[in-house]
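Taken in sequence, the protein lines are chains A and B.
Its first residue numbered 5, the first sequence is counted upward by one per residue in this note's numbering.
Its first residue numbered 2, the second sequence is counted upward by one per residue in this note's numbering.
It is possible that part of the hints are untrue.
[Stated by the list, open to error] With the Cβ distance kept under 10 Å, some of the chain B side facing chain A (calculated, not the full set): (1) Glu8; (2) Leu24; (3) Glu27; (4) Phe39; (5) Glu41; (6) Ile54; (7) Ser55; (8) Arg60.
[Claimed, not checked] Simulated restraints, written as ranges between beta carbons of each label pair: (9) A:Asp19 to B:Glu41: 41 to 47 Å; (10) B:Glu53 to A:Gly80: 48 to 54 Å; (11) A:Pro54 to B:Arg60: 32 to 38 Å; (12) A:Gly151 to B:Arg30: 53 to 59 Å; (13) B:Arg11 to A:Arg316: 26 to 32 Å; (14) B:Pro57 to A:Leu81: 42 to 48 Å.
[Unchecked claim] Partner residues aside, some chain A positions facing chain B, computed with beta carbon under 8 Å: (15) Asp220; (16) Ala224; (17) Ala225; (18) Leu228; (19) Leu242; (20) Pro246; (21) Arg254; (22) Ala271; (23) Val274; (24) Arg275; (25) Trp307; (26) Val310.
If you are wondering where the hints come from, they were derived from the structure by calculation, not from laboratory data.
Since this is a predicted model, take the numbers as computed values, not measurements.
All residues carry an ideal CB built from backbone N, CA and C; glycine is no exception.
One-letter residues, chain by chain:
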Amino acid sequence: VSTKVLAEGWWSGRDATVVRRLKEAGAVIIGKLALDEFAFAPPDEGSGFPRPRNPWDPTRTPGGSSSGTAVAVAAGLVLGGLGTDTGGSIRLPAAYCGITGLQPSFGRVSNYGCVPDAFSLDVIGPLARTARDCALMLEVIAGREPGDPATADAPLDYLAGDEIGSLEGVRIGLPRVDFFTTPELQPEVKRAALDAVELMGRAGASVIDIEIPYLDEARAAYWLIMLAEGYAYHEADLRTRPHLYGANARRAILAGCLFTAADYIQAQRVRALATSAYLGAMAGVDVIVTPASLYVAPPLEGWGTVTRMFARPSFYGLSTVVGAPAMSVPCGFSQDGLPIGLQIMARPFDEAGVLRVGDAYQRLSNWHLRRPPAEAWG
Amino acid sequence: MGMIDPENERMIDYILREHGLVLEPEDRRALIDLYPVFREMAQRLRTPATAEISAPFVRPR
Numbered sequence: 005v006s007t008k009v010l011a012e013g014w015w016s017g018r019d020a021t022v023v024r025r026l027k028e029a030g031a032v033i034i035g036k037l038a039l040d041e042f043a044f045a046p047p048d049e050g051s052g053f054p055r056p057r058n059p060w061d062p063t064r065t066p067g068g069s070s071s072g073t074a075v076a077v078a079a080g081l082v083l084g085g086l087g088t089d090t091g092g093s094i095r096l097p098a099a100y101c102g103i104t105g106l107q108p109s110f111g112r113v114s115n116y117g118c119v120p121d122a123f124s125l126d127v128i129g130p131l132a133r134t135a136r137d138c139a140l141m142l143e144v145i146a147g148r149e150p151g152d153p154a155t156a157d158a159p160l161d162y163l164a165g166d167e168i169g170s171l172e173g174v175r176i177g178l179p180r181v182d183f184f185t186t187p188e189l190q191p192e193v194k195r196a197a198l199d200a201v202e203l204m205g206r207a208g209a210s211v212i213d214i215e216i217p218y219l220d221e222a223r224a225a226y227w228l229i230m231l232a233e234g235y236a237y238h239e240a241d242l243r244t245r246p247h248l249y250g251a252n253a254r255r256a257i258l259a260g261c262l263f264t265a266a267d268y269i270q271a272q273r274v275r276a277l278a279t280s281a282y283l284g285a286m287a288g289v290d291v292i293v294t295p296a297s298l299y300v301a302p303p304l305e306g307w308g309t310v311t312r313m314f315a316r317p318s319f320y321g322l323s324t325v326v327g328a329p330a331m332s333v334p335c336g337f338s339q340d341g342l343p344i345g346l347q348i349m350a351r352p353f354d355e356a357g358v359l360r361v362g363d364a365y366q367r368l369s370n371w372h373l374r375r376p377p378a379e380a381w382g
Numbered sequence: 002m003g004m005i006d007p008e009n010e011r012m013i014d015y016i017l018r019e020h021g022l023v024l025e026p027e028d029r030r031a032l033i034d035l036y037p038v039f040r041e042m043a044q045r046l047r048t049p050a051t052a053e054i055s056a057p058f059v060r061p062r
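With the rest of the complex left out, here is chain A (with noise of 0.2 Å):
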């Protein structure tokens, strides 16, 4: 977890259940990948741990916090690698990398032996190029299981080797005002986005209107949750050996000091409020779909310190406190060639809804096929 806070060598002695998962199925497990500290934020410069760099820019950065894998996804390395998603960590990297991200329903992958970022929040899922592989890698690590008491039966009704390829009756609900309106939204991405709609609508799909209420709230209560639950994971390391953390990740996990008990109580009380929010707004529609980031992949100067993150508004959040499904697919790119990503989101444990839509948009589009110019890396 690119931290000096465990020992050098640390290893727990067996396998995490998604990685006993995957090698029981027959994949061939290359190896670990860089990200952030903790999954909170960028190694400090000069920690020993390296930054990964975007594949499309190196002097972007690729996002975080599962940017290793996005990176190795994107450049070929691999076809297709794990992930955790707190709040956006898979589908950030897939949208800023140009590959696709799952960010399962929670409690639909089991998190046994997986360092926390936020006990209630946490979802590890799959990173790929395409809908049809994140599909793959999902049958083999979903289900319940006993080391994670949060894991659920819940069936997966769509396997990777369904055929699909028909947008005929979906219905796509598109909340325009907020994730299409918010002025920290970069105007290709929302025109990449709204074309991905526009696409889908003449092969099929119809396009409703939709309105979600409660997001600022919705918002403020997934900060608190994580950064409350990130505290007390990481409490007694920061009493007694700050030092080991890097600055970013110190800071950003200090934050849930400055929370009350009240605080995070009435968050969870939010957090109910946005989920009747949020199902209520899907009565009539079967997927939600909204830019998956509000820009193309910024400067790595810069990113991943305290003051950008908590200033810029998430389009990630929303699903996270309700525990439902959401996936980035690419949907773009922009002028100077970077990667743009389409969100879509669904009921909790409707992964098929998700996977459904992504694949057929990706048959329907190739911008999931392109790969970064080898000449990017000198």
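Assemble chain B onto chain A, guided by the hints.
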């Protein structure tokens, strides 16, 4: 970084003491700067819309 609000500084020192945290000056300063941002965030959660919610959070299955 701008001026330090003495009230925020007092609150941060109180919180750090309560948590048993001893921080470098730069970390302490970062928390002082973040404090009003997060208090505003916590305040945003005090919405009347949650008045009827008795169970804090029940996960949909």
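Hint check:
1. Glu8: violated (14 Å)
2. Leu24: holds (7 Å)
3. Glu27: holds (7 Å)
4. Phe39: holds (5 Å)
5. Glu41: holds (9 Å)
6. Ile54: With a minimum Cβ separation of about 5 Å from chain A (threshold 10 Å), the hint on B:Ile54 holds.
7. Ser55: At 9 Å from the nearest chain A Cβ, B:Ser55 passes the 10 Å test, so the hint holds.
8. Arg60: holds (6 Å)
9. A:Asp19 to B:Glu41: 41 to 47 Å: For A:Asp19 and B:Glu41 the Cβ distance comes to about 43 Å; the hint holds.
10. B:Glu53 to A:Gly80: 48 to 54 Å: holds (52 Å)
11. A:Pro54 to B:Arg60: 32 to 38 Å: Taking Cβ atoms as reference, A:Pro54 and B:Arg60 lie about 36 Å apart, which means the hint holds.
12. A:Gly151 to B:Arg30: 53 to 59 Å: Given about 41 Å between the Cβ atoms, the range is violated.
13. B:Arg11 to A:Arg316: 26 to 32 Å: holds (29 Å)
14. B:Pro57 to A:Leu81: 42 to 48 Å: With Cβ atoms ~43 Å apart, the hint holds.
15. Asp220: holds (6 Å)
16. Ala224: Result: holds, 4 Å to nearest chain B Cβ.
17. Ala225: holds (6 Å)
18. Leu228: Holds: closest Cβ of chain B sits about 6 Å from A:Leu228, inside 8 Å.
19. Leu242: holds (6 Å)
20. Pro246: holds (7 Å)
21. Arg254: Holds: closest Cβ of chain B sits about 6 Å from A:Arg254, inside 8 Å.
22. Ala271: holds (6 Å)
23. Val274: Holds: closest Cβ of chain B sits about 5 Å from A:Val274, inside 8 Å.
24. Arg275: Check passed: Cβ of A:Arg275 comes within 5 Å of chain B, closer than 8 Å.
25. Trp307: Since chain B brings no Cβ nearer than about 17 Å to A:Trp307, farther than 8 Å, the hint is violated.
26. Val310: Status holds, d = 6 Å.
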